[in-house]
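Line order of the protein sequences matches chains Y and A.
Number 208 in this note's numbering belongs to position 208 of the first sequence; there are no gaps in the numbering.
Number 13 in this note's numbering belongs to position 13 of the second sequence; there are no gaps in the numbering.
Hints in this document: simulated from the structure, not taken from any laboratory.
Treat the hints with caution; some may be incorrect.
[What the hints assert, rightly or not] Derived DSS-like pairs (lysine-lysine); straight-line CA-CA distance at most 25 Å:
#1 A:Lys78 with Y:Lys298
#2 A:Lys93 with A:Lys63
#3 A:Lys108 with Y:Lys298
#4 A:Lys50 with A:Lys108
#5 A:Lys106 with A:Lys50
#6 A:Lys50 with Y:Lys298
#7 A:Lys50 with A:Lys102
#8 A:Lys93 with A:Lys78
#9 A:Lys63 with A:Lys102
#10 A:Lys78 with A:Lys108
#11 A:Lys106 with A:Lys63
#12 Y:Lys298 with A:Lys106
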Amino acid sequence: MFDLEGDQIEAYVEHALRALNHVMTTFGSLELHDRVAIVVPDERFAAAFRAPLADALLAQFPSRPFTLVSAQEAAASALPSAGERGKEGEWLVLDSIAAMDGLERLIIIAVGLDAVIDEGSGSSTLETRSRLYRALTRAHMMAVVVNEFLPGGWLEFLGHVSLKKDEKKFNLKDEMENKIKADAADGVMSWRLLLEKDAAQKVQKLAKQRQASKGNLSNHAAKTESKPDPAGDKPGESTPKAESKPGDKPKNVAQSVWDTSGNETAKASGWPVFNPIQPDQPEPTPKPPKLGTGVPPKLQPRAYALNAPGAWHFMISYAQGSDRGSMLAQMLRSSLMELGYTVWLDVRRSLGSNLRDLNERSDVRCRYHR
Amino acid sequence: MYDKSEEAMQEAVENSHVVLAVITGDGPDDEGAYRKRPYCLQELRWAFAKGTHVQPVVHLRDKERIGDYIRMAPADLKRIASIDFVDMNSTDKDYWDVGLRKILDKAKARRVFP
Chain Y
1 MFDLEGDQIE AYVEHALRAL NHVMTTFGSL ELHDRVAIVV PDERFAAAFR APLADALLAQ
61 FPSRPFTLVS AQEAAASALP SAGERGKEGE WLVLDSIAAM DGLERLIIIA VGLDAVIDEG
121 SGSSTLETRS RLYRALTRAH MMAVVVNEFL PGGWLEFLGH VSLKKDEKKF NLKDEMENKI
181 KADAADGVMS WRLLLEKDAA QKVQKLAKQR QASKGNLSNH AAKTESKPDP AGDKPGESTP
241 KAESKPGDKP KNVAQSVWDT SGNETAKASG WPVFNPIQPD QPEPTPKPPK LGTGVPPKLQ
301 PRAYALNAPG AWHFMISYAQ GSDRGSMLAQ MLRSSLMELG YTVWLDVRRS LGSNLRDLNE
361 RSDVRCRYHR
Chain A
1 MYDKSEEAMQ EAVENSHVVL AVITGDGPDD EGAYRKRPYC LQELRWAFAK GTHVQPVVHL
61 RDKERIGDYI RMAPADLKRI ASIDFVDMNS TDKDYWDVGL RKILDKAKAR RVFP
């Protein structure tokens, strides 16, 4: 992830080369011929990207020639050995994600696939998510993401995760716990897709709401000038289970899937709109009541109570024969309930009833409780 | 649909953190006065027996009668005199909120809520 400055294609070429260099470093002498696919969002991007990338490859790796081929070309050809290829060098597949459907490679470099979730039409938002998923799942062994950092994008969360330093092996237990959250996010999305005709609009609405909240939180964070929690880099100290409070900045989560050491972005500070790994952005807690003791304590409902829930903060006892008593009781009940307290009120007489009527109906009881 | 029995009323008293006793009365002959209502007095008895925090509340206009209310209370409920009454002004929201805050603060001071 990088902060885009200057020409977009040039920036993507530069960082795609870095990604390829990372692959070469990681796999050492492994021949990359037809094993690496550079996946871009569409044909237009591919057309603009191909020539500058080819030139940069030649300049960067003069002793190791690479040839950019389309997915169709690669799929239509047998795999010649290094000797048979001659000067042609190793093939790197460069094509749009649409052209890569149904194809896989050992290594995928996903270039420029992200987009801001709440921009454009709803269908394009979901299309972005689709192409990211399709690109990452083309890889057998490694997927490398090359993208400008887009606040509000699907990949924004990568600005808040890091690879565990002393445990680079995949940790099944930890990632399964993370996956639960990821699946939940997918579940929400699937549910929206399947059950709502206006799925895209719903997603955008959600994103806007969260971004609005993020704006508030970011403002707060800017005021406090807090810095990212470095503890997140320490295994075990920052986990997806950590509870967050409103106003907190998202912590850096150590995990064993994404290596974000190559990130070069300074913009990742707010809560990601989409975040499959970290805890959800904390919902603002209800404002504490202006009066009294703060947030009412949670009550434990009692089983087999005569009246549910069987426990209340307040019970109001008042004389049924007094209009003042009735009025005060009702007003107290309303005020306390506005503050979040539960109130048991035995309304034995409505306001305005006279005492005689009351006495005649003294057995009539109606209980309001919450 | 709700249980309206005396047992249900006792349940409410004994399972509430605070019993607000809205005490009213317009003199010794007022049959509608709080002290004349058997259920009201029984609710206080249940609350005291259970140890539930009882907070007496009066309307602002009854503030001057607090002494009378205590004096006329049944002997077994005289202990209500040891509790600071809160008077509520229902005609002004700011004053009302002050009374409400007092009720909540007193409950807090008594560590009523867990």
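Hints and how they fare:
1. A:Lys78 with Y:Lys298: violated (33 Å)
2. A:Lys93 with A:Lys63: Within the cut-off at roughly 18 Å; holds.
3. A:Lys108 with Y:Lys298: holds (15 Å)
4. A:Lys50 with A:Lys108: holds (19 Å)
5. A:Lys106 with A:Lys50: Given pair lysine 106 of chain A, lysine 50 of chain A holds - Cα atoms ~18 Å apart, limit 25 Å.
6. A:Lys50 with Y:Lys298: Given pair lysine 50 of chain A, lysine 298 of chain Y holds - Cα atoms ~21 Å apart, limit 25 Å.
7. A:Lys50 with A:Lys102: holds (23 Å)
8. A:Lys93 with A:Lys78: It is violated: about 32 Å lies between the C-alpha atoms, which goes past 25 Å.
9. A:Lys63 with A:Lys102: holds (15 Å)
10. A:Lys78 with A:Lys108: holds (24 Å)
11. A:Lys106 with A:Lys63: Holds, because 18 Å separates the two Cα atoms, which is no more than 25 Å.
12. Y:Lys298 with A:Lys106: It holds: about 19 Å lies between the C-alpha atoms, which stays within 25 Å.
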